[in-house]
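From the two separate chains plus the hints, produce the assembled complex.
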Amino acid sequence: MLRVTWRNLVARKVRLLLSATAIVLGVAFVAGSFIFTDSLGGAFDDIIEGSTADVEIAYQGANDFGAGQDTRTMPASVVKDLEALPEVGSVHPQNNLQSVYVIGKDGKVVGGNGPPGLAANASGATSLTGRPILTVAEGRLPGAPYEIALDVDTAEKADYQIGDTVELATPGKPPVLEAELTGLVEFGNGSGLNGATLTLFDKTFMQDQFFGGRDVYGSISLNAADGVSQEQLRAAAQKVLPPGVVARTGDEFVKTNQDALGDILGFIQTFLLVFAGVSLVVGIFLIINTFSILVAQRSRELALLRTLGASRRQVTVSVVLEALAVGIVGSTVGLGVGYLLARGLAWVFGLLGLDLGKADFPVTWPTVFWSYVVGILVTVVASYLPARRASRIAPIQALRDDGSLPETALRRRLVVGTVLALLGVGSMVAGFSGDGSTGLSLLGLGMLLVLVGAALLSPIAAGPVIRLFSLPYRAFGSVGQLATQNSLRNPRRTAATASALMVGLALVAMMSVLGASAAASTDAAVRQNLTSQFIVSNVVQQPFSTDVAAQIRKVPGVSGVASFRSAIVELGGSSQQAGAVDPQEFARALALPLASGTLAALTDGTALVSKATADDLGLQVGDTTTMKMQGGEVRLEVAGVLSSAAAVPAGALVTFDTFDKGAIAPLDSLVFVNKEPGADTDTVRAAIEKITADLPTVTVKDPEGFAQEQKKQINQFLNLIYGLLLLSVVIAILGVVNTLGLSVIERTREIGLLRAIGMSRRQLRRMIRLESIVVAVFGALLGMALGLAFGAGLIYALRDQGLTDLAIPWLRLSLFVVAAGAVGVLAAYFPARRAARLDVLKAIATE
Amino acid sequence: MTRTMSAGPAARVAHLTKTYGTGDARVTALDDISLDLIAGEFTAIMGPSGSGKSTLMHCCAALDTGDSGSVYIGGADLAGMKDKALTALRRDEIGFVFQSFNLVPTLTARENILLPLSIAGRKPDRVWFDSVIATVDLASRLHHKPNELSGGQQQRVAVARALVARPTIVFADEPTGNLDSRSGAEVLGLLRDSVKNHGQTLVMVTHDPVAAAYTDRVVFLADGRVVQELRQPTRELILETMAAMTAGI
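Each protein sequence line maps, in turn, to chains U and H.
Quick note on our numbering: the first sequence kicks off at -10 and runs consecutively.
Quick note on our numbering: the second sequence kicks off at 7 and runs consecutively.
Just chain H, same shape as in the assembly (with noise of 0.2 Å):
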């Protein structure tokens, strides 16, 4: 408790609103809503389909911009920035890990790793970039193609590829949406361990109550608002907070 006040947000989300469609067909994703992701911890945002989490995401990632109100990234406001700006951001201060792993097919996974360096014009850190590929344990792999590996390598590819720039911020968007348990299990310890060990701020959509429990903190969405918050979750207190949002509905 004590590290996370003391280290302040990574990530601000301030008054966001963001609306799809108009007229009858205007629905509200995220309803003026305020969230602080503190550096150095890994949270969860969950949420029934339709809840704004992934929206929020989107939003705080710099992929998408909300109606009003701010988002802020290591204190610089994404509102106003221009594409120029907010790609040097992505470049920089955002890591990235997808549900469909997205890799790069044509390229090894070496290569696919170091792509964030290479785009930016940055020369890999050796010592870093060994620690990285340790902690996924892949030494093995990394002159395979994507298509020679399997669903859990290519994700831990491609948390390993979210780490090498070491962002402010990694957003990971169901990372375990396309894996058995054991590789899910895997991905996620993963995940935990840059928190831990390297102080790595993590920011996870789930859907799933076993991946949140790796977490320090859920956030509860539901119409585009935080419902909800938990601290040091297991996976009982989990599902128990989600039966009550359920029944509350």
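This is chain U alone, in the form it adopts within the complex (with noise of 0.2 Å):
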């Protein structure tokens, strides 16, 4: 029985390679996702424990994982005291600030967009790996005021030599500064800063420039004397603390910094997963497919095996030992792909600023279990279906000349089909009003069973829409009917290949749907909401100094400037991001729609909180919520809140006062300007532009053109969505020639016969395009009606989000049946050719 399963792998290699195709690039997917988070993860690590000392000491908060600028310093005095301590070998006083940027000679910011950019004092400390945390590579540490260093490759991608001036963008005033470079510096042991960018100052320098002239810090490390642990180093500094600065200790500090960036890493990865899961659905439909045509063409070979007395069972387990052989081949091909597909990933993040260029490529166990586990098991699951009908094969049929396969009843696959799609609805409804993750996963699952559910229903509906083609097809004359018919022959099969297309589809018209009117969304809230005529704003909205707004507030013909600041907090127990303004001035810049309460209302110690965030959190004007901020908690009032249809990019706003007391740096992200009524728009803009020409991190947009901006970006989320559903789709369309592929192979003998009654090659190849077309516009045409309800849902779902508007893009979505249509004719290549060159006698010869 074995040496059967191993005979007809061999035997049936090219086909069972597509499918294999399908298992390879499913797992490539699965596979890429862990080494490249792995990578991200590795890369992130050796800066981490590059970056610690013995004992870390800052304020409560202050120097957390992801947290902002913060204003609270610790004075000279407290180094003098830990200084004086027995256990401490050195300390290494810093301050650090996070939003300084290197202007590259092209006038561009190094890295773009995207990457943080750094800066210190030179500590001199040594981190937990033994080594110095920096060392310089060439020239010296700048000593004086004006004078900096910079990590070697921002310097050299930026193409500053030691001796050039170097222009910065800083949250200083005023925020441009020119600085000499001295020297370059290594970070660590020379893993790179991941795309991040280091500016070194003179401690001195930096307190004058950043901090008022005061001798503070922002953070302090400790190297232990010889001998001395940790912990008895943290303790002996912790008791000479002011309130509220902790002491925590390396080996602590890493691993909060490590949890933390875990988290993220496991959002990325899940992310990325997620897209792997969808191939690999695709790809079980088309092993589902292959291997039912396969066994639907050995159906005699199989039913002789029973008459021979091999039982259901043996019959079952070889199909399914030939998965087995596929799943493996499949898997450990994909893992070669996956990391290849893994480095693949970190060029495209590369691309957005994070540069992962020294970064390891590790393909760990998990990652090898993993692919093999998801490989094999899919293969596995989806063979076993076809492998089951095979061994109902009645032993009979060995000695019948039609060796066709049992059919199951439409009617138990309409009966499963719509209770799986019905199923995939509830639990779509439930995931619309449940939160967070929870409500996500039900959104994803029932999408999922609607999309089964509409495979198992898509052959009912195969034979109208198909007969729709007989139309059109009737230019083609017979060979359109032909064409027609045989996709009809077998509804199963035709909507089994179309079915695969129409996974991969839906999403992506799904994607489209809510990229619409994502945009037509901010185009609405930005023509109601806003009454200022510019927008000065960086693209990706990190912070920059508020000498802008000042400067800008000197401009003649300036009326109104409102800044808006933003933090990510805590509110009432979940992550939100939160915006302060100032809200007299913040109302003459916006029109923002209420639902109840006032923007009057907002003062000191009271909030304005969103739509969606009062309904998750139950709050109601007069209730009152806490908002943990970095450097603290706050008790807030709810004065207002905001209606669905408000455009600010927050679920709570409140007054600069909060942020304060949260020890947020004062840094805007956004600052709108109205001009006098009187005044000339041009000039106004010429003036403001010419204060932040010097800056490239931000812009002056109006109002279109800050709509025009943020559409921009929902496009770029959007090609990013379309690029990861890609390998779906190339599955799918593996599937089409695969199909396609085996169906020219049965039909030898009817495809003998219509040559040898004067069809010639060129018809039989439209033939099969035609068909082709047929299976792949149906598939389309499927995910396209999919598509639009799971976006509309989502839409429905969001409205409290902003998403406001619903827009359909037609014309794209017919673009992309148009697209399908030509795929279909890409998937009959190679099938349409072989079709052509069977030679006529042999092929009508064939049993």
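Errors might be hidden in some of the hints.
Derived, one-sided and incomplete: chain U residues facing chain H with beta-carbon distance under 7 Å [what the hints assert, rightly or not]:
| # | residue |
| --- | --- |
| 1 | N(-3) |
| 2 | E290 |
| 3 | L293 |
| 4 | A299 |
| 5 | P384 |
| 6 | I385 |
| 7 | A387 |
Hint data in this document are derived by calculation from the structure and do not stem from the laboratory.
All C-beta atoms in this analysis are idealised placements derived from N, C-alpha and C, irrespective of residue type, glycine included.
Take a look at the structure:
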């Protein structure tokens, strides 16, 4: 029996290879996701370990992972107290800044908008790895005002040499600072900064420039005296620290940061794995179809085995074993391709500023394990259904000429499909009302169920839809007619092939609807909310110096300037983006629609919350809630609830005073500018642009341009998703190739007959192409319909999150259908060629 | 005669009835048929198209089931057997030779012959295997694939496959139908030798009087019933009987 399995594998290797390709691609996606996130994690672990000393001291929350620029500082006397401790080997006080961007010789920000711009004074501390945190690679450290050192990579990217004058965009006053490059440093063990830039200042100059000339520090690193443990050092240091300041051991600090990093990496991994999952689902369709066809072609042989006394189990096992071999081969190759894919992902992220050029791409045991588990499980499970059908072939079929498989009743499909689809819709509805990851999981599960249900039901739709094709196909005469008939001959197979395409295209269509709706909602929000004439901002909302707003205020013709600051906070226990504004100025810049309360009611100690936040936390006007920021907690009374049409990138709006209490450094992320009614728009704009000209980090836009910029962001995100979905579409196309190829083999005799009675090779090729188009377009139409439904449902569910307008990109969707037709033509290439090349006599003689 | 009487039946059919279709399209394939297939004998089942000979064989070979009545193979009643028991029966007690050979195209001749044993998970009996190979005269073709063999050679492989597991009874369904007369004669000789030399019970469905003449006994079927029986038939005797039957209808 094993030998029969093995011989079949060898005899049908090309067919099985196509199935294996589906597994290869799916597993590659899984493996790639693992390898990429491992690589990312490793690269950041190196940075964390390489920058942590024996004990790290700062105000509670100030140097947490993800904390914004903090305003709290320690006086120099703390350094003295620490130096007096016998456990201390050396004290390394430091100031850190988060938004100091190096402007390259070409006038552009190094690394683009994305990677952080770090700045500090060189503290001289030694890291946990035993090496100095920073080593001078060339030149010397800055020792005077207007001197800086840069990390080697940044200097190279910016094209700066020692002695050059470097331009920096800083959060200070004025924002642009020019300094002489005195040295190049290397970070840690030479692992690099993953694309972040590091600028080093002289200690005193930094205090003068950014901390009002006070002799204060944001953080202090300690190296222990000989024989003193981290914990002993920490305990000793903690005793002399002012209240609110905490000392943490290096190990604890590293662990906390790595855990926080792990959460983010986990999110990235999950995100990628979702798309891997989509590819695998599509792959399952392909494998089920391939094995169904192979089993159908071998039904006589399988029946023979049954007459020779093979049990049902033996037949099932022989087919599943074949799948197992395909799964093992596919997983192995997939693992290798996954490694390349991880490198590709690193390249894509490199375009966004995350430079992993120096990172390792480790293939760990869990990666190998999961790749094989997923690959083998998917193949074996997918082959099980066809295998079970194979086992139901009656032995007597070996004696009959038509070796057809027992057909399962369409009615059972109808029932199962409908039940699955309904369950899916239910799960989606539950997901809409649920929150966070549970809601998302339910939503995803619901979509999967609906897709599988639709796939089961699709053979029923195949008939009517395909008959629609017979109309335009009349133009091709009998060739067109034969093509339609052929696709109708086995609606199950046509539908299964189309379903694979349906899955990918449903998601593509859904994302298109989401994207178009997000763009339309942005337009509407900007049109309805914005009453200011200009917006100064950074594309990715990185914060910039408040001096920009201060200077704009002085421009003649400007009547109002409203700053918007933003920070990640915890509100009522859930993480939120919060914004801080001056209510009076803000009211002039935006006409914010409120569901209850007024913008004027926003005072120190109160907050306006978004509709979604109010719903999630059950807040009403007059309730109090707690906002937890890096510097501490603040109790706030809800002064109003924004309506869902309010275009503010925040779950809660507070006053600057609240952010100050939370020790969030004053940095603007958006500045709205109103001009006097009589002032000339172009003149005012030109004056503002003059202020921002030296700062490549920010630009001046009118509302229209502001909306455009946001829509560009949406489109970039959409393109990323399209890219990730592409793999599943590729697998589906392989499925079309495979099905067509197998049906050409099945119909060898018939094709020979057609050729014998005078059909030309051209006509034959055309017939196969037309069939392929039918399948592809049918799949695309199914996908579009489902995608539209998913998209509309999502928009309805997200209406409180600012997605107010449902827009359906009809043109784009029709282009997808046309593209699917083109894909059909491509997919038919090899099967059509094979059919056309068949030797007529041999084809007819084929049994 | 004495030998067959002492041996008793290898398979027995008792009051077997089978109909296809319903209403006007109702066809009675087997009509209360009873028959003993005697161990160690070569039996031919003959009859015109639609006489029920194929259905009878399928029912005897556990490939099909009747509506009523019983089929016994080596004393076991097939009626009421589940798929598992039927599978075991086919594997251990029954051998098959098909009109269209039905070899597994991806396996060599040797592998095809050993397939039933491999399915059953049994080791081939070396001596028996060699004697079967010698009988079917295939020693030089054992490592060829079916498509490298002639029709006669393929059918000899199929016969070897049916014999190798030493089944209680071997069924042959028009084994010479796809062969020229010389190859056909070879295969028939082979079948007869296996009965003579090894005491194999063999049942063959055929409509060829020449083929039927190789057997010990010919059972004639018409309309699902046994209408005639010949012992030690000759070609002439068979032709006469057939002519008489046609005239009778």
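Status of the hints after comparison with the structure:
no.	hint	in the structure
1	N(-3)	holds, 6 Å
2	E290	holds, 6 Å
3	L293	holds, 5 Å
4	A299	holds, 5 Å
5	P384	holds, 5 Å
6	I385	holds, 4 Å
7	A387	holds, 6 Å
The structure shown violates none of the earlier numbered hints.
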